[in-house]
Amino acid sequence: MKVILAHGSPDSTHAKEVEKVAAAVSKRLGEAVAAAFLSDNQLPRNADVVPLFLGAGVHLTKDTPRLAENSDCTLLPSLGSHTEGIVTLVSTSQADKTIFLLYQPDGFERLQAALQPCGQIAFLHGEPSLSAVLQQMHEISVTVQPLLLFPGRSLARVRAMVANSSTPNARIAPVLCELDGFAELVANCFRGNS
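Using numbering that gives the first Met the number 0, you'd call the opening residue of the sequence shown number 0 and step up by one each time.
Simulated from the structure, these hints should not be mistaken for laboratory data.
Where a beta carbon is used, it is the ideal one built from N, C-alpha and C, also for glycine.
Just so you know, not all the hints are guaranteed correct.
Between beta-carbon pairs, the in silico distance windows are [stated by the list, open to error]:
1) Ala162 x Leu28: 35 to 41 Å
2) Glu126 x Asn45: 39 to 45 Å
3) Asp105 x Arg158: 20 to 26 Å
4) Gln115 x Arg65: 28 to 34 Å
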C-alpha cells in the first residue's frame, strides 16, 4: 500500500483536496494510494509513505518519522526533497517577473536555492515578506507563485497581501495541487524520480 501523508487541517475542504491528490496519484501508479494525516494515530501497516511537506520542519523531522515507525512503514523522501520537479512544475508558465512565495526561510533552504535563479523569493512568515517584495516591484506583469500545497488560510492571506499592494497587474498563480503535473510529481516520489 502507498500513502501520502499531509499535515491535516480542521477544514474538511483540506482533507478532500488531499484525497483528490491521492486518487490522481493512484490512477497514475495503477495501484491504491491512501491519504493520511499527522493527526492519525496509525498509518496502514507496512505502507510506503511520501510526506507531502515542502519544508524540513518539526513535522518532517520528528512527527512523520515517529508515526511511520509506530506503523512499521517505509518513509520515502518528502515531496520537498524533489526540488527539480517542484521547480519544473512552477516554472512552466510564469510571467516575465515571478515572485516565488515560500512559507518561511527555515527548513526551505533547498527549495529557495533551487528557485532563486528563476525569480524573486519572498516569505509568508519571514523576510523578505511578500508585501516588501511587491512594494519593490514596478513591472506591469508580476506573478506571485505561492509554494503552498493546497488552498486555505495561507492562500487567503496571500490574496489579501496582493490586493493591498500597490503593484499593478499582480496575479496569483494556482497553488501546487492545482497545477498540471502535480499528481505526476507526487507519483514520481513513489517511483524514486524527481
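Taking the hints in turn, this is what the structure says about them:
no., hint, verdict
1, Ala162 x Leu28: 35 to 41 Å, "39 Å, holds"
2, Glu126 x Asn45: 39 to 45 Å, "43 Å, holds"
3, Asp105 x Arg158: 20 to 26 Å, "24 Å, holds"
4, Gln115 x Arg65: 28 to 34 Å, "33 Å, holds"
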